[in-house]
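S.K.: What follows is each chain in one-letter form.
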Amino acid sequence: MNMGGRVLGLHLGLLVVLFALQFVLPAYHHGNIARIMVLASYAVGYNILFGYTGLLSLGHALFFAAGMYGMGLTIQHAGFTPAPALIVGIVAGSLVAGGLALLALRTAGVAFMIVTLMFAQAGYLTILYFGEYTRGDEGFVIQQAQRVLWGIDLSDPTARYFAAWGLFSVCFLLSLWLVQSRFGRTLIAIRENEERVRMLGYDTYAHKLGAMVVSGTISAAAGAFYGLLFGYAGATFGSVQYSIFPLLWVLLGGAGTVLGPFVGTLFMFYLIDLSSGVTSAYMLIAGVALVALTLFAPQGLTGEVRRRLWKGLP
Amino acid sequence: MLLKVRGLSKSFDGLQAVTDVDFDLPQGEVRALIGPNGAGKTTLVGMICGRISPTSGTVTFDGEDITRLPAHKRIMKGMAYTFQITSIFPRLPVKENVALAARRRLHGNAVGTATAEALGRVGLEAQADEDAGNLSYGHQRLLEIAMGLVQVPRLLILDEPTQGLSEGEIDAFKALIRALAGETTILLIEHNMKVVMETADTVSVLNFGEMLAEGTPQQIHENADVQAAYLGTG
Ligand SMILES: Nc1ncnc2c1ncn2[C@@H]1O[C@H](COP(=O)(O)OP(=O)(O)OP(=O)(O)O)[C@@H](O)[C@H]1O
Ligand SMILES: [Mg+2]
Numbered sequence: 001m002n003m004g005g006r007v008l009g010l011h012l013g014l015l016v017v018l019f020a021l022q023f024v025l026p027a028y029h030h031g032n033i034a035r036i037m038v039l040a041s042y043a044v045g046y047n048i049l050f051g052y053t054g055l056l057s058l059g060h061a062l063f064f065a066a067g068m069y070g071m072g073l074t075i076q077h078a079g080f081t082p083a084p085a086l087i088v089g090i091v092a093g094s095l096v097a098g099g100l101a102l103l104a105l106r107t108a109g110v111a112f113m114i115v116t117l118m119f120a121q122a123g124y125l126t127i128l129y130f131g132e133y134t135r136g137d138e139g140f141v142i143q144q145a146q147r148v149l150w151g152i153d154l155s156d157p158t159a160r161y162f163a164a165w166g167l168f169s170v171c172f173l174l175s176l177w178l179v180q181s182r183f184g185r186t187l188i189a190i191r192e193n194e195e196r197v198r199m200l201g202y203d204t205y206a207h208k209l210g211a212m213v214v215s216g217t218i219s220a221a222a223g224a225f226y227g228l229l230f231g232y233a234g235a236t237f238g239s240v241q242y243s244i245f246p247l248l249w250v251l252l253g254g255a256g257t258v259l260g261p262f263v264g265t266l267f268m269f270y271l272i273d274l275s276s277g278v279t280s281a282y283m284l285i286a287g288v289a290l291v292a293l294t295l296f297a298p299q300g301l302t303g304e305v306r307r308r309l310w311k312g313l314p
Numbered sequence: 001m002l003l004k005v006r007g008l009s010k011s012f013d014g015l016q017a018v019t020d021v022d023f024d025l026p027q028g029e030v031r032a033l034i035g036p037n038g039a040g041k042t043t044l045v046g047m048i049c050g051r052i053s054p055t056s057g058t059v060t061f062d063g064e065d066i067t068r069l070p071a072h073k074r075i076m077k078g079m080a081y082t083f084q085i086t087s088i089f090p091r092l093p094v095k096e097n098v099a100l101a102a103r104r105r106l107h108g109n110a111v112g113t114a115t116a117e118a119l120g121r122v123g124l125e126a127q128a129d130e131d132a133g134n135l136s137y138g139h140q141r142l143l144e145i146a147m148g149l150v151q152v153p154r155l156l157i158l159d160e161p162t163q164g165l166s167e168g169e170i171d172a173f174k175a176l177i178r179a180l181a182g183e184t185t186i187l188l189i190e191h192n193m194k195v196v197m198e199t200a201d202t203v204s205v206l207n208f209g210e211m212l213a214e215g216t217p218q219q220i221h222e223n224a225d226v227q228a229a230y231l232g233t234g
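Residue numbers (this note's numbering), protein chains in the order written: chain S, 1 to 314; chain U, 1 to 234.
Hints were generated in silico from the structure; no laboratory data involved.
Covered stretches of chain U, going by a simulated chain S footprint (3 or more residues, C-beta under 8 Å):
1. 77-91
2. 100-109
For each label pair, taking beta carbons as the anchor points, the in silico distance ranges come out as:
3. Asn109/U to Val170/S: 27 to 37 Å
4. Glu130/U to Ser181/S: 21 to 31 Å
5. Thr294/S to Glu167/U: 40 to 50 Å
6. Glu130/U to Gly287/S: 33 to 43 Å
7. Gly38/U to Ile272/S: 50 to 60 Å
8. Ser136/U to Ala20/S: 48 to 58 Å
9. Leu309/S to Ser136/U: 20 to 30 Å
Given the structure is predicted, the values throughout are model-derived calculations rather than measurements. Glycine included, C-beta positions come from ideal geometry on N, C-alpha and C.
Take these sequences, add in the hints, and give me the full structure.
M.R.: Take a look at the structure:
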């Protein structure tokens with residue numbers, strides 16, 4: 001098989017395994033993997049901007065929350081059904097990402113981190129401020145009856161797993177295609193040497209703007225699905241913690257690799273899950289493991305595989 | 001006239017790097033731009049290709065005033081620029097470095113073909129799959145040139161391309177420029193006088209940010225002012 005075929009085989013293989021797993025997993029892990037697939041979709045979105053374009057955002061919770069609340073509020077207060085509500089959430093995320101990009105891309109480096117952080121914090125405070133509708137920190141539950149999409153009850157574990165798998169598959173394959181496209185290769189080049197890209201005749205600003213919109217849209221889709229599949233929207237998802245998570249997942253899994261976001265999300269989820277079963281000081285164990293990984297696999301798990309075994313893995 | 005520069009000046013916080021330069025470059029000519037260190041050569045071509053915004057003056061390319069145009073649009077109009085300080089994508093394969101430049105004008109299979117051809121012209125075809133950062137310094141310079149060539153520019157600006165090249169590589173470079181002459185208009189910043197004498201149709205001399213002299217390589221070679229500028233007695 002040629003290189004492209006092997007790459008495609010590996011990535012499709014993961015989707016096949018995830019699809020098949022649901023028939024064999026015990027209920028507990030079944031639920032976990034569904035959750036991980038939605039969160040990994042969020043990480044996939046984050047990776048487009050951070051891993052491939054080299055822009056470190058500390059404000060992605062804004063996009064995740066835009067998706068979640070765009071979906072949740074229209075169901076809760078406008079009586080929307082899930083399909084249009086999901087679309088509202090995703091479109092809301094795109095618009096917020098585009099708007100923030102116009103402001104934040106005037107800056108670079110640390111200033112970019114701070115601007116994205118500040119705007120996400122403003123978004124978080126906005127959620128709290130409109131507590132009458134959003135119920136603030138407490139959040140609101142999306143009832144089972146409101147979660148029926150085309151006759152499918154998304155609160156049912158099997159349906160939920162399928163929906164999570166579908167979302168993840170779309171985001172994952174989109175990112176696999178994107179990073180090998182003309183546009184994606186230009187993003188990678190911007191990450192490596194922006195001034196050079198500009199002097200090759202590319203509008204780097206427009207490319208970074210596009211990357212931020214794609215990244216924010218995928219993040220918003222993950223936020224919208226998360227709220228719908230797990231029946232809850234709350235301000236925590238707009239807090240700084242939820243901006244840091246995708247950064248950690250991507251770093252651990254391998255920034256700038258297509259598989260990295262999933263690997264990192266899976267790893268961290270089970271790391272915390274397993275260590276909290278052993279001791280109440282589980283954050284310490286998780287912390288030590290993270291430090292060890294950054295020391296011994298600074299490019300993340302998939303990044304390490306690429307470095308040692310499979311150069312050219314996208 | 002492909003390129004016309006009028007009254008171009010640049011000062012960096014009070015330091016006058018380029019002062020009121022007029023400069024014409026006809027289509028098809030190979031022009032060398034020489035001058036002592038710090039004379040303002042890189043600054044001048046930076047203003048021509050849009051990397052540096054001028055304090056005053058205008059740049060006209062192919063009859064169009066491009067003074068306000070951002071760099072990437074100037075490149076799309078047919079300029080290509082190679083950096084004095086090597087600026088490549090060290091962690092990407094050599095051929096991807098060139099392909100990135102090729103993709104500005106080509107699509108599909110044509111990108112690969114043009115990339116291979118450009119690498120062949122500078123003699124780097126064997127290194128196509130290596131990471132660019134693993135190349136020797138001289139080879140990185142050649143890669144820069146390949147990235148310029150593959151754009152098939154109407155104006156190719158080379159900022160000290162032979163710096164750090166071996167004798168053999170410099171000979172190959174001279175042959176390359178001679179092969180390009182006629183196809184492409186070239187503005188070549190060069191310290192190596194042998195390269196200038198053997199490749200340039202005309203020479204412009206910049207000194208302390210001002211245009212000191214212009215003429216054939218022979219005239220410049222014999223010009224007393226130029227000799228003084230280079231010997232530092234002027
Ligand atoms: N970005 C900058 N900020 C401040 N001063 C600068 C800047 N770029 C160049 N200069 C100054 O402007 C003058 C001209 O520099 P320039 O690089 O254009 O010269 P050059 O002719 O290319 O020299 P060399 O042969 O050493 O490459 C120098 O005194 C330099 O220190
Ligand atoms: Mg210079």
